[in-house]
Every structure is written in C-alpha cells, then in structure tokens.
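Participant: Sequence:
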Amino acid sequence: MRKWFRVAIAVGVVTVGVIGVHTPASAGKGSAERMTNLHEVPSDLWKEMLSPISEADLACLAQIDKRFYAVVAGYRGELRRDAKGVVHVHTAGQFERALQSGSWVDQLGVHFPLNEEEQTKITNALKEQTLIYAELYNGATLPTVAHGQVSVYPGCSVTTVTDGRVNVRGGTVTTVAGGFANVCRGGTITTLSGGSACIRGSGMVTTVNGGSVFAVDGGMITTVSSGVARADMGGTITTVSGGTASLCGGSTIGEVTGGTVCCEKSSVGSVSGGEVYCRHQSSVGSITGGEVTCRDGSVGSITGGGLKCWDTSVDSVDGGTVKCMNNGVKLKNVLAGRITCNSPDNLTLESDVPFTAQGHLLHTAGMDPDSATLIIECWDAKRLLPICQLKS
Numbered sequence: 001m002r003k004w005f006r007v008a009i010a011v012g013v014v015t016v017g018v019i020g021v022h023t024p025a026s027a028g029k030g031s032a033e034r035m036t037n038l039h040e041v042p043s044d045l046w047k048e049m050l051s052p053i054s055e056a057d058l059a060c061l062a063q064i065d066k067r068f069y070a071v072v073a074g075y076r077g078e079l080r081r082d083a084k085g086v087v088h089v090h091t092a093g094q095f096e097r098a099l100q101s102g103s104w105v106d107q108l109g110v111h112f113p114l115n116e117e118e119q120t121k122i123t124n125a126l127k128e129q130t131l132i133y134a135e136l137y138n139g140a141t142l143p144t145v146a147h148g149q150v151s152v153y154p155g156c157s158v159t160t161v162t163d164g165r166v167n168v169r170g171g172t173v174t175t176v177a178g179g180f181a182n183v184c185r186g187g188t189i190t191t192l193s194g195g196s197a198c199i200r201g202s203g204m205v206t207t208v209n210g211g212s213v214f215a216v217d218g219g220m221i222t223t224v225s226s227g228v229a230r231a232d233m234g235g236t237i238t239t240v241s242g243g244t245a246s247l248c249g250g251s252t253i254g255e256v257t258g259g260t261v262c263c264e265k266s267s268v269g270s271v272s273g274g275e276v277y278c279r280h281q282s283s284v285g286s287i288t289g290g291e292v293t294c295r296d297g298s299v300g301s302i303t304g305g306g307l308k309c310w311d312t313s314v315d316s317v318d319g320g321t322v323k324c325m326n327n328g329v330k331l332k333n334v335l336a337g338r339i340t341c342n343s344p345d346n347l348t349l350e351s352d353v354p355f356t357a358q359g360h361l362l363h364t365a366g367m368d369p370d371s372a373t374l375i376i377e378c379w380d381a382k383r384l385l386p387i388c389q390l391k392s
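First residue of the sequence shown: 1, per this note's numbering; consecutive thereafter.
Think of the hints as simulated: they come from the structure by calculation, not from any bench. This one's a predicted model, so the numbers in the text were calculated from it and none came from an experiment. Just so you know, even glycine gets a beta-carbon here, dropped at the ideal spot from N, CA and C. There could be a bad hint or two in this list.
[Stated by the list, open to error] The calculated label-pair distances, taken between Cβ atoms and stated as ranges, are: (1) Tyr69 / Glu117: 28 to 34 angstroms; (2) Thr190 / Arg80: 34 to 40 angstroms; (3) Arg80 / Gly249: 40 to 46 angstroms; (4) Asp370 / Gln281: 36 to 42 angstroms; (5) Gly218 / Lys84: 24 to 30 angstroms.
[Claimed, not checked] Calculated lysine-lysine pairs in the DSS-like style (CA-CA distance at most 25 angstroms, straight line): (6) Lys265 / Lys323; (7) Lys308 / Lys332; (8) Lys127 / Lys84; (9) Lys308 / Lys323.
Input sequences plus hints: build the corresponding full structure.
Facilitator: Here you go:
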C-alpha cells in the first residue's frame with residue numbers, strides 16, 4: 001500500500017510539472033491533455049521534474065508502464081546528484097564512470113550486487129577520501145568498512161566494520177569491531193565487539209561482547225556478555241550475562257545472570273546472578289541468585305541470592321537474604337530465608353510461619369537456629385514480634 005501511495009505522489013509531481021510548465025494559464029482542457037504526452041516533454045524538463053523525487057519513488061514510477069520505465073531509465077543513465085548530493089548508479093558501466101580517476105562524484109548510491117573488484121574500488125575510494133559516502137541497495141555488499149560513511153539498506157550487508165561510520169537502515173552488519181554504527185528500520189548487527197553503536201526504531205544488536213551500545217525508542221539488544229550497554233526510552237535488553245548495563249526511561253531487561261546492572265524507573269524480569277542496583281520506582285520480577293540493591297522500588301519474589309533494600313515492597317520471600325535498611329520496607333508472604341533489620345521499626349512483615357524468639361533472633365518454631373528455614377535477625381527481636389504481626 002505504501003509503495004503505490006508513493007507512485008501516486010510521483011505521478012502527481014510529474015503531471016503537475018508537465019502541465020504547469022507547458023500549458024498556458026488560458027489553455028483549455030484539451031490542450032493540457034495533449035501537452036501531457038510523455039513524448040512531447042523535453043529531456044531538460046524531465047531532469048527538473050525527476051530530480052526532487054527519491055530513488056525509491058523513481059523505482060515505483062518506472063513500474064507504471066513501459067513509457068515511464070523508459071523515461072526513468074534515460075534519467076538514470078546520466079550521472080547526477082539527488083537532493084542529498086548522492087549519485088545513484090544502476091549498472092557496472094555507470095559505476096565505472098562514477099569512480100574513474102578525476103571523477104567529481106564523492107557520494108555514491110549503488111543499486112546492484114558488486115563483484116570483488118568493484119567492492120575493492122569502493123573500499124579504496126573511501127580510504128583515499130575521493131569517496132566520502134556510499135549507500136548500498138538491491139543486494140550490494142561490502143566485506144569491510146574502515147573509512148568514510150556507508151549506509152546499508154534492506155537486502156544489503158557489510159561483513160566487518162573496523163572504523164568509520166555505518167548506518168544500518170534495514171540491512172545487516174555481521175561484526176562491528178570499531179568505528180560507529182547507527183542501526184534503525186529493522187537493521188541488524190550480529191556482534192558488537194568494539195567501537196560503539198546506537199540502536200533505535202526496531203533496530204537490533206544480537207550480541208554485545210565489547211565496545212558500547214545505546215538502545216533507545218524501540219531498539220533491542222539480545223545479549224550483553226561484556227562491554228557497556230545502555231537502554232533508554234523504551235529500549236530493551238533480553239539478557240545480561242556480563243559487562244555493564246544501565247536502564248532508564250521505562251526500559252527493560254528480561255534476565256540478569258551476570259555482570260552489573262543499574263536501573264532507574266525501569267524493570268528487570270529476573271536476577272539469577274551478577275549485581276543489580278535499582279532506584280526511583282524500578283522493579284525486579286524475581287531474585288533467585290546474585291545481589292540486588294533496591295531503593296524506592298519493588299520486588300516480586302526472592303527465593304535465593306541477596307536483597308538490600310530501602311523503601312521497597314517485596315511480594316514474596318521464600319529464601320535468600322534480605323537486609324532491611326530503613327522503615328520503608330514491607331515484606332509480604334514471608335515463608336523462608338534470612339532477614340536482618342537494624343531496628344524493629346524498620347520493618348513491616350506479614351507471615352504465617354510459627355516462630356520462636358531467642359536473643360536477637362526470631363526463627364522457625366521447633367527448629368534449631370542454625371537450621372531454621374526462616375530467620376529474622378534484629379537487636380531487639382522480642383519487640384519485633386508484635387510489630388511484624390508474626391503468628392507463633
């Protein structure tokens with residue numbers, strides 16, 4: 001639907017251009033119709049009318065019928081800059097002319113698959129700065145980008161980026177080891193091992209094992225095993241197993257198994273390893289391992305690992321260690337684990353487990369303190385009994 005909408009716009013631009021230039025204001029309808037005959041339009045006028053139309057719309061225009069195809073093919077046969085200054089080539093002959101010695105072309109859009117020799121010519125031209133920018137369309141690929149700037153569109157790819165800048169606009173880059181990559185429109189980087197990348201608008205990085213990456217506005221990172229990752233304004237990270245990750249602005253991490261995560265006004269699904277720091281209305285779904293520090297947030301459940309918290313609500317405690325640091329902590333459905341608090345006033349606790357008070361400990365009734373499934377440690381354990389509303 002979008003393609004044919006562009007066709008309609010392109011046809012409208014061409015028709016208005018023909019009538020507006022060749023039809024006097026006083027001319028009748030029949031005269032206007034006669035002057036819209038494609039064969040009567042001078043080539044110079046075609047250049048003026050087609051020059052503001054994008055390559056995507058030109059491709060749509062060429063599909064209308066044979067006459068429009070011939071017009072577009074003739075227009076493309078000459079090397080000319082588009083509105084952004086890019087010269088688009090569709091054949092090997094045009095490519096050779098664009099990159100020949102002394103050429104004025106410094107920005108090139110390639111619309112056909114390149115052979116090894118042609119790939120080398122682009123790579124060398126970018127290195128020598130006779131070419132500062134390249135766009136890849138229709139299956140065009142490059143093995144390496146080490147200089148200049150390259151945009152990669154759907155169906156196209158770059159194997160390795162070691163320097164320079166790559167805009168992945170629907171295409172694919174296998175490895176970014178250096179330089180900068182901007183990923184959007186469904187573009188994909190398989191591995192980021194160095195350099196930096198910004199991911200947005202359904203762009204994706206599969207694995208981060210080095211470098212730094214920023215996911216924003218729908219950008220996605222599948223796995224962070226090392227390096228630095230940040231998600232903001234709805235960016236998502238599936239798994240953090242190493243490295244450092246930070247979240248803010250409503251972003252999410254599905255699972256943390258290692259590494260270090262800082263979370264502000266965002267959420268983490270589960271923590272089974274690593275270190276997680278949450279604050280400002282952040283949430284953690286479950287803790288089965290690792291260490292979590294939470295200020296002004298919430299935790300769904302803890303069955304293992306450790307939780308150190310201020311002003312935090314925990315829906316279920318069935319294992320692990322919980323350290324309550326101020327009087328804003330509320331623990332619900334407490335069944336097992338070890339809980340410590342500095343003062344009896346620091347804790348609101350709900351539990352149906354019967355227990356015994358012994359010195360500074362409350363523990364599961366009928367069990368030795370060393371083997372009790374639930375232990376609450378406080379300097380005034382007896383005063384904690386009515387405050388915590390525990391049943392004994």
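Participant: Each hint: holds or not?
Facilitator: Taking the hints in turn, this is what the structure says about them:
1. Tyr69 / Glu117: 28 to 34 angstroms: holds (29 angstroms)
2. Thr190 / Arg80: 34 to 40 angstroms: Holds, since Thr190 and Arg80 (Cβ atoms, about 36 angstroms apart) stay within the stated range.
3. Arg80 / Gly249: 40 to 46 angstroms: holds (43 angstroms)
4. Asp370 / Gln281: 36 to 42 angstroms: Because 38 angstroms falls inside the window, the suggested range holds.
5. Gly218 / Lys84: 24 to 30 angstroms: holds (25 angstroms)
6. Lys265 / Lys323: Given pair Lys265, Lys323 holds - Cα atoms ~22 angstroms apart, limit 25 angstroms.
7. Lys308 / Lys332: holds (16 angstroms)
8. Lys127 / Lys84: Cα-Cα ~22 angstroms, so holds.
9. Lys308 / Lys323: holds (5 angstroms)
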